[in-house]
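Peer 1: As a plain string of letters, each chain reads:
There are 2 protein chains.
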Amino acid sequence: MEFWFSERQTKDVKFSIRVDKQIYSKESEFQRIDVFESPEFGRFLTLDGYMMLTEKDEFIYHEMITHIPMAVHPHVEKVLIIGAGDGGVIRELVQYPEIRHMDLVEIDDMVVEVCRKYLPKTACCLDDKRVHIHFEDGLKYIRRCKNEYDLIIVDSTDPFGPGEGLFTREFYGNCYKALKEDGIMVNQHESPFYEEDARACQRAHRNITETFPISRVYQAHIPTYPSGHWLFGFASKKYHPLKNLREKEWNDRGIQTRYYTTTLHKGAFYLPAYVEELLKNVEKEC
Amino acid sequence: MEFWFSERQTKDVKFSIRVDKQIYSKESEFQRIDVFESPEFGRFLTLDGYMMLTEKDEFIYHEMITHIPMAVHPHVEKVLIIGAGDGGVIRELVQYPEIRHMDLVEIDDMVVEVCRKYLPKTACCLDDKRVHIHFEDGLKYIRRCKNEYDLIIVDSTDPFGPGEGLFTREFYGNCYKALKEDGIMVNQHESPFYEEDARACQRAHRNITETFPISRVYQAHIPTYPSGHWLFGFASKKYHPLKNLREKEWNDRGIQTRYYTTTLHKGAFYLPAYVEELLKNVEKEC
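Heads up: the sequence lines are chains A and B, in that order. When we follow the working numbering, the leftmost residue of the first sequence carries the number 27, and every step to the right adds one. When we follow the working numbering, the leftmost residue of the second sequence carries the number 27, and every step to the right adds one.
Treat the hints with care, as some may be off.
When chains are identical, the list treats them as one kind, so a pair holds in a single copy or across two.
Claimed, not checked - Okay, derived cross-link-like pairs now, DSS-like style, lysine-lysine, Cα gap no bigger than 30 Å in a straight line:
1) K147 with K40
2) K203 with K155
3) K292 with K306
4) K37 with K52
5) K37 with K143
6) K37 with K147
7) K269 with K292
8) K310 with K274
9) K82 with K310
10) K147 with K306
11) K269 with K104
12) K306 with K82
13) K37 with K47
14) K82 with K143
15) K264 with K306
16) K263 with K203
17) K52 with K40
18) K52 with K82
19) K166 with K155
20) K104 with K166
The set of hints was computed from the structure by calculation and includes no laboratory data.
Using the sequences and the hints, build the whole thing.
Peer 2: See the structure below:
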């Protein structure tokens with residue numbers, strides 16, 4: 027039997043994964059949730075048919091969205107995570123003993139339930155005592171916060187559907203307000219390669235650059251995301267992602283990683299010429 | 027009408043591109059050659075059904091295999107290019123006036139003919155007076171060479187079919203012998219992500235490390251190659267790819283690039299932890 031999951035990465039590009047079986051499929055209040063089992067990638071989660079994570083390559087995304095800011099900020103005690111119902115960011119964060127409190131704000135409780143049940147490698151640490159889960163719209167949650175967090179991680183879906191508001195200037199402005207005076211915000215920032223993704227990327231970068239004094243973009247190789255070339259945004263009130271990298275301190279912790287290293291950290295900010303160009307074009311408008 | 031080209035990147039992963047029309051298809055003495063026209067990637071070339079290049083992203087591969095060694099070696103006069111019948115490497119090399127002589131050794135004359143006709147953006151500079159094309163097996167050609175080249179670029183296909191011999195210890199040994207005492211060899215090095223590619227990558231790295239005193243691997247984002255995470259090998263008798271990077275000199279040339287920059291050059295050598303591990307495992311055997 028030929029049984030394939032396919033995602034249209036653009037209307038003219040399709041990425042397909044052979045599937046052993048579909049493990050879960052349901053419509054929540056917000057989106058369609060599916061979990062599949064595959065020979066190449068292990069289990070994988072899709073929302074509305076878009077790839078969210080696979081067991082084989084999720085470590086890349088989760089390490090890069092977490093350890094980059096954690097290796098820069100000297101003392102993170104309180105973290106806000108928006109989206110991230112799969113628990114991957116939490117699994118990375120719990121390795122830092124100085125973190126005292128994590129607020130995870132996920133709009134869709136069914137995502138958390140499904141990941142706990144079917145993706146335990148990702149969701150393994152959601153029961154850590156420091157984690158407080160709020161099933162709420164991140165957009166609304168953040169309006170109430172002021173001068174509260176050292177780090178905000180925006181682990182959103184794409185900038186359409188439920189994740190759309192998490193790419194707006196209003197949202198980034200509220201993140202700024204919710205951060206302490208030396209706070210850092212990191213977000214998933216789409217891909218620079220396909221035209222529509224590149225425009226989303228530019229819009230996000232413009233909105234962040236207008237809000238934060240320090241705004242840099244970094245990259246990773248994520249094979250199951252469109253083009254495999256994925257970007258993240260590093261926005262900050264005080265710390266620079268390279269000049270304030272605490273290389274020795276981070277390495278002394280002995281945290282085990284499979285993608286992130288403090289050397290790779292630096293290279294991740296050295297972008298291809300065409301990506302720098304893409305970002306500079308919108309920086310000029312700010 | 028739905029008209030798609032699909033490549034099995036592994037037996038369980040398929041990458042598909044919508045096609046407007048098939049422009050060329052013929053069996054040469056060595057392989058099946060196809061050229062397609064597509065809305066997303068423009069024209070693209072496949073050999074035996076495997077993606078070789080697309081007009082949209084070939085600049086990444088060709089810039090990275092060429093400018094990395096050219097920004098390190100202080101004075102390249104004579105270059106040997108093996109494979110590369112599409113002319114992409116030549117297009118990058120002709121921008122260096124100090125290069126006096128380029129030998130392009132391509133086993134399949136039909137590849138050159140097809141690229142000249144259907145991929146003129148890539149093949150544009152094959153008529154440069156310094157370029158000498160030899161339709162011959164690179165494996166045999168190199169056996170005759172001794173202390174002759176400043177730079178060898180191995181732009182091979184994958185390590186099966188016609189390209190297989192270009193990943194062997196014998197071949198790398200002959201490259202070493204063909205290089206001058208401060209020569210550099212660069213080769214396409216497959217991908218670290220899917221298991222079979224990763225093993226090819228390890229074999230190549232072991233064979234190169236056994237042959238050259240300096241052997242480092244660097245990476246690029248190439249969306250149409252399996253996993254999008256592609257590696258290159260930098261092997262050298264004298265120059266180190268980072269310590270001997272001639273940053274100012276290269277930038278003073280004013281060569282226009284869309285992917286390569288001398289900053290990105292450095293980041294390209296900062297590999298993910300799992301890739302470093304993969305390579306270290308075989309370095310120990312050497």
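Peer 1: How would you label the pair K263, K203 (within, between, both, or neither) given a Cα cut-off of 30 Å?
Peer 2: within (11 Å within a copy, 55 Å between copies)
Peer 1: State whether the alpha carbon distance between K306 and K82 is at most 30 Å within one copy, between copies, both, or neither.
Peer 2: Only across copies: K306 and K82 sit 21 Å apart there, 34 Å inside one copy, limit 30 Å.
Peer 1: Give the relationship of K52 and K40 under a CA distance limit of 30 Å: within one copy only, between copies only, both, or neither.
Peer 2: Both, since 23 Å and 26 Å are each at most 30 Å.
Peer 1: Are the CA atoms of K37 and K143 at most 30 Å apart within a copy, between copies, both, or neither?
Peer 2: Only across copies: K37 and K143 sit 29 Å apart there, 33 Å inside one copy, limit 30 Å.
Peer 1: Checking K104 and K166: alpha-carbon separation at most 30 Å within a copy, between copies, both or neither?
Peer 2: Cα proximity of K104 and K166: one copy only (19 Å, versus 64 Å across).
Peer 1: Are the CA atoms of K52 and K82 at most 30 Å apart within a copy, between copies, both, or neither?
Peer 2: Classified as within; 23 Å inside a copy, 38 Å across copies.
Peer 1: When no copy is specified for K166 and K155, does a C-alpha distance of 30 Å or less occur within a copy, between copies, both, or neither?
Peer 2: within (24 Å within a copy, 66 Å between copies)
Peer 1: My question is about K82 and K143: at a cut-off of 30 Å on alpha-carbon distance, are they close within one copy, between copies, both, or neither?
Peer 2: So K82 and K143 pass the 30 Å test inside one copy only (18 Å; across, 42 Å).
Peer 1: Can you tell me if K269 and K292 fall within 30 Å by alpha carbon in one copy, between copies, both or neither?
Peer 2: both (10 Å within a copy, 16 Å between copies)
Peer 1: 30 Å Cα cut-off: does K37 pair with K47 within a copy, between copies, both or neither?
Peer 2: This pair counts as both: shortest intra-copy Cα distance 26 Å, inter-copy 17 Å.
Peer 1: As a check of your reading, is K269 near K104 (CA-CA no more than 30 Å) within one copy, between copies, both or neither?
Peer 2: Classified as within: same-chain Cα gap 23 Å, cross-chain 41 Å, threshold 30 Å.
Peer 1: How would you label the pair K292, K306 (within, between, both, or neither) given a Cα cut-off of 30 Å?
Peer 2: Both, since 19 Å and 21 Å are each at most 30 Å.
Hint compliance for this structure: no hint is broken.
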